Amino acid sequence: MAKGYWIVRLDITQLETFQAYIAANGAALAEYGAQYLARAGQYQCVEGNTRSRNTIVEFPSYQAALDCYNSVPYQNAKALRDGACEIDLVIVEGYDGVQPG
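Heads up: the sequence shown is residues 49 to 149, going by the numbering used here.
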């Protein structure tokens, strides 16, 4: 079964409000088996556009990634985030097919 991923790019506009979201989202992420693969570390935008913060969250499955986003606990946390950032969040299915080489 392919894993699922959240690809998140954002610009924080209200830091204190955004920090409340961070404190609140952990329970939902843990419930659905999420792990951070990248979280606001160094980056270089080599093509296209970017935002100031980039995060990749891995889930055991694509369905788990969708279920977490749509869960009541996550939506409650998200309500804290609304208005505190400009965000692009894409949920994508992992790839288990043939690799280069």
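Quick caveat, the hints were computed from the structure, so don't treat them as lab data. A couple of the hints might just be wrong.
Said to hold, decoys possible - Pair by pair, the computed Cβ-Cβ distance ranges are:
1. G149 to L63: 17 to 27 Å
2. A78 to P148: 15 to 25 Å
3. V120 to Q92: 17 to 27 Å
4. N97 to T65: 40 to 50 Å
5. A88 to V140: 18 to 28 Å
6. Q147 to A68: 37 to 47 Å
Fair warning: this is a prediction, and the values are worked out from it, not measured in the lab. Where a beta carbon is used, it is the ideal one built from N, C-alpha and C, also for glycine.
Hint check:
For G149 and L63, the hinted distance range of 17 to 27 Å is not satisfied, since their beta carbons lie about 43 Å from each other. In this structure the hint that A78 and P148 lie 15 to 25 Å apart at CB is violated, the actual value being about 34 Å. In this structure, V120 and Q92 break the distance hint of 17 to 27 Å, their C-beta atoms being roughly 38 Å apart. Under the hint 40 to 50 Å, the C-beta atoms of N97 and T65, about 24 Å apart, miss the expected range.
Checked against the hint of 18 to 28 Å, the C-beta distance between A88 and V140 comes to roughly 19 Å, which is consistent with it. Between Q147 and A68 the CB atoms are about 41 Å apart, so this pair conforms to the stated range of 37 to 47 Å.
Checked against the numbered hints given earlier, the structure breaks hints 1, 2, 3 and 4 and satisfies all the rest.
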